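Asks: Read off the chains here:
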Amino acid sequence: MSRISEHPILGPTETGPKVTFFMDNQPMSGYAGEPIAVALKAAGVMIHRYTQKAHEPRGIFCAIGRCTDCVMIVDGIPNVRTCITPLVAGMKIQTQDGVTPLEVSQ
Amino acid sequence: MKRYDLIIVGAGPSGLSAAIEAAKCGMSVAVFDENAKPGGQLFKQIHKFFGSKEHQAKIRGYKIGETLLSQADEAGVQVFLNATVAGIYLDKEVLVQLNGAMEHFKADTIIVATGAAENMVTFAGWTLPGVIGAGAAQTMMNLYGIQPGQRVLMLGSGNVGLVVSFQLMQAGCDVVALVDAAPRVGGYGVHAAKIARCGVPFYLSHTITRAEGSDCVTGVEIAQVDEHFTPIPGTEKQFDVDTICLAVGLSPMSQLLKMAGCEMVDDPRRGGQVPLVAENGETSIPGIFAAGDVSGIEEASSAMIGGRMSGLAAAAYLGFLSEQDKDHRLAELEVALESLHQGMFAPGSKGKAIAKTDEGIEVSQSLLKKGYLDDADLKRFIRSNKTELTNKKSGVHPVIECTQNIPCNPCQDACAKGCIKIGKTITALPQIDEDSICTGCGMCIASCSGQAIFLVDEDYEPGYASITLPYEFLPLPQKGEVGTALSRSGQPLSTAEIIDVRNAKAFDHTALVTMKVPADQAMTARFYKS
Ligand SMILES: Cc1cc2nc3c(=O)[nH]c(=O)nc-3n(C[C@H](O)[C@H](O)[C@H](O)COP(=O)(O)OP(=O)(O)OC[C@H]3O[C@@H](n4cnc5c(N)ncnc54)[C@H](O)[C@@H]3O)c2cc1C
Ligand code: SF4
Ligand code: SF4
Ligand code: FES
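Chains as they are written, first to last, in numbering that gives the first Met the number 0: chain A, 0 to 105; chain B, 0 to 529.
The hints are simulated quantities; they were obtained by calculation from the structure and are not laboratory data.
On a predicted model such as this, the values are computed, not experimentally measured, just so you know.
Every residue gets a Cβ at the ideal spot worked out from N, C-alpha and C, and that includes glycine.
One or more of the hints may lead you astray.
[Stated by the list, open to error] Sample of chain A residues at the chain B side, in silico, Cβ under 10 Å: (1) 16; (2) 17; (3) 36; (4) 37; (5) 46; (6) 47; (7) 67.
Chain B with its partners taken away, still in its complex shape (with noise of 0.2 Å):
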């Protein structure tokens, strides 16, 4: 039976993060995933991650996979892919599924971070092929270049069923609609934003009520629902759709630390059955330590810095690390951890409606049920005195359309001139700086991991105004090029003329693409149709 200081079980961003900080301290380490390839879910995240520097924000996620991957390699981890946990037993012996074969493996600390499954939900026909789970639509066009679908709908208004959507048009499938049985979006309203501009319509309050087709998907019809979620008889709207794309939400994999006798409760809030364990990560069972999403769904972000708390409590429980200098780390993280906590939606505001900003602002109700900001949410973006807080020569400035407390702060850093504050609280609204003259580098709209700054030039012609947005799709527009301004909410405003395209190594894949429209659109026209 092969010996290590630590088994983890689990290769993804918690369970490398908790590796590495192990053989840092000069444990041995074994990883095992059943997996071909390692990293969990963070090898399909292709979008911008939010947080602050520390949280590797800004950082595509199947890039932070890499880094994770590389300092593993380094500091020594050893691990085993297809390899798959079948059982944890007394006195930390590990039975794995390996290369077809059961084997042995004793450990004196195990770390449990096996991650999450898709929640599942049924109706009239929700077994025909083309009906799928959001994971395997990310998996199918991220990690193997293949569409999905052609025409989607997606059910699920939280960050995954956001995201997922986006990633769908980016991959050349068109999303028809977003459908949630709740009455406002769950995700952050940026993500929200970013495909209704698209033109992708949001039935919030509304649910499924059939797949259409006899051998595959050829149809969806969904209605509205009344409070106790019961479809309303007479609302209901067909789509024709070959895809139906589910997301309604994950549930911690907690069965292995269950089996291996940890003390489990029931918590809705951290996503179901979870064990009960302390800030550190170990459970009841003294050396056994569970790490992110399955002691509680958050996002990678918190599951890294998970990770590698318990990493560290297991070195110290074995005495590869002292005490002391255990305190001293895990204060750090927890204070990293911290930071992503806080806001309208930290662990403990799930569900909530919320009114107003931690800056007393309202919440944008337009946001909440269609997905995008109405004229009435802007006001305080237009700029009455604009000549002091422009460029001169330019006329340029940034509009943040970031209106939700959300942990996030890349686009302080991104901007050399300090024309952007969060200040320390990094869920804090991005606030502009009156006083600092912005040069329309661009910097800010590509370091925006929510794509919400735009830069605006209400005076960029006699008659017209420049907006430069951010562009995430192929083909990319050429300048020049005459195509049409859009809305919000994706409607058709006006004509609308490239004037610059820019796609420097710095901006990471998202290109600066700058429009020419009439004046009177500075503050409506915020997408770009060829």
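The shape of chain A in the complex, shown without the other chains (with noise of 0.2 Å):
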């Protein structure tokens, strides 16, 4: 999905620094301060986890932090809501499946 460069009300989008961060090991690229997962959509990441008994995919639903479909692993801890979690740079995301982590590959 692409971002707006310009809004014909709301002028320019400001945005923090870029920085790098990782979505299942792959680096990505998206600006400091910016929920991740607007982050994320920017880069074309749809699937942020799968149900835990069904194995269905979850994506961005409410954007406000309100219906937990965006929960992943952020740093080693699963559940964060990327909604309403500021990137910051080196940030380390994964898409969770289940309640349990995926693991960690280094």
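Build the complex from these two chains, which are given one at a time in their own frames, with help from the hints.
Replies: Put into structure tokens, the structure is as follows:
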């Protein structure tokens, strides 16, 4: 999905500094301080987690921290709501499978 | 345990308005909001608001939010962010999750202004990534500058569905269809017309039957529904989309009030479970008030008035304001609130089919079913003795396609020449004053929250008319360029030449684009595509 470089009402989008983070070990770039989910969306990542029983994909749904569809493993901590957690340089983000973290491969 | 005279839950328009009034009366006020940023829904709203001057009409929502924040700051209100209120207990003790720890606060009065949560609907595939709430779409595009999707189908034709569809297009997304199971558009006709003329097709009496895709949304199927809202086999239509946006209503987030022991009622007209409240927001528990969407789904303008009322009532309850002053100020606010509660979209009229305006004019069925006025509706806009009414030099005159009784009147205030009359009742339809002469200044177009005003000159040049329209997209057309004139339904009509583009500061990001079209399209061409 594309970022809006200039908006007809809001003008140019203000961002923090560009930083690198890791999504399932792949380096990606985003802007520091924006929600992790926004950086992932800009990079084309739609699936944030799989449900435990039916193994169904989930992604952003409410974007305000209420539905928990967007939770992922962030720096080893599972169940982090990525839509309200700011991106920090070097963050390691992983697709979450059920409630147990996927194995972290170095 | 920290103590305050007043604790407010929720820093949306109603909570902040309450805080400002109470703090101005000398109360110590703390506001808690679970978000990292204050303002509630207001900062996602980038359109110009309805209402009249006292309701801050024609000002964009996020600007109103900025003003509220600075006023709260000036009045000495303490706003705590990332602070989720988990419970309200006996003796007005408030439990707050703050910085990862639970903290207790105590107040002598409490105002709950927690707003509303979005409703959901289910259909096959509704949990797929790519199905999102309308609020999520707004958050992504208007707060974080990212497109929620490239091709979007919107479910819901209330004001939220209509406004968010327009905002999606402003963010550069394609809205491929607007779908609603109801037989009529639920929101304001002017909001519907704004997106219809961009070419968005309306499917009323339709619903989503399934979202397609295995990992994420790749398409959607809709079908017509019968009078019991059951899909009719054989009427299915398919669209390739990557995003399905749901705008199917809001429900008050009233759990905290229930938990505190306030008497609750189930009121579908107010959106579900709501507290039993007096006019000033006081609940069944003395000293606990509710304001804004949590006590009945309305809109930001009334949420702000409701907030101010409960702020004053709380101040009077503790003796920071005399009963006499309170009554006087509440009476003023009641008048302002009452003026918003008139017209076809008044809280009591929800879902009702209204055949005629207050003026006795038939309501356009085309507007309600397809989102735009059709030729039959236009007769009353076509003037008979045009030389009398227009600017003799330029021939320009306003055409106001605002046909429902909505609480709104900035067009009247905008015209220094007195061409536009609404009168005291702000829900009355705007009328053109035939004795005033239009200078073509364009202030009415830029002030119209519904983008429903056009300037037309039938005799711009032999064989050609000029049409000036509001334009809030990028890239802005350039003077001299040639493109296509579109009808009210977004259908291409003819070649159009851009003869003027105005973008004054006073227009607040609504550019005025003037195009030259064949004379016979003066009353049909209403949009332009490069
Ligand atoms: C798309 C859209 C378009 C709209 N267009 C218009 C318009 O044109 N004109 C208009 O007047 N109105 C409009 N509205 C409606 C308007 O936004 C709402 O009616 C208004 O925001 C309600 O104000 P509020 O203060 O009651 O609630 P909100 O703005 O929802 O604020 C409530 C706040 O409380 C917080 N909160 C909730 N629970 C807790 C808790 N337990 N602890 C701490 N904090 C909590 C929430 O996070 C939120 O910040 C629109 C709404 C939407 C969604
Ligand atoms: S263009 Fe100017 S003068 Fe003409 S009706 Fe609009 S505000 Fe009035
Ligand atoms: S024409 Fe006037 S009343 Fe109608 S939407 Fe525009 S500003 Fe409001
Ligand atoms: S998308 Fe709902 S919690 Fe993040």
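Asks: Does residue 37(A) pass the interface check with chain B, least Cβ-Cβ distance below 10 Å?
Replies: With Cβ-Cβ at 5 Å, under 10 Å, it holds.
Asks: Return the status of the interface hint for residue 46(A): holds when the least beta-carbon distance to chain B is below 10 Å, violated otherwise.
Replies: holds (6 Å)
Asks: Identify whether the interface hint at residue 36(A) stands, where standing means a beta carbon of chain B within less than 10 Å of its own.
Replies: holds (9 Å)
Asks: Taking the least C-beta to C-beta distance, is residue 67(A) closer than 10 Å to chain B?
Replies: violated (12 Å)
Asks: Does residue 17(A) pass the interface check with chain B, least Cβ-Cβ distance below 10 Å?
Replies: violated (14 Å)
Asks: For the hint on residue 47(A), just tell me whether its beta-carbon gets within less than 10 Å of chain B.
Replies: holds (7 Å)
Asks: Measuring from the C-beta of residue 16(A) to each C-beta in chain B, is the shortest one below 10 Å?
Replies: Violated, about 15 Å.
Hints 1, 2, 7, counting from the list given before, are not met by this structure.
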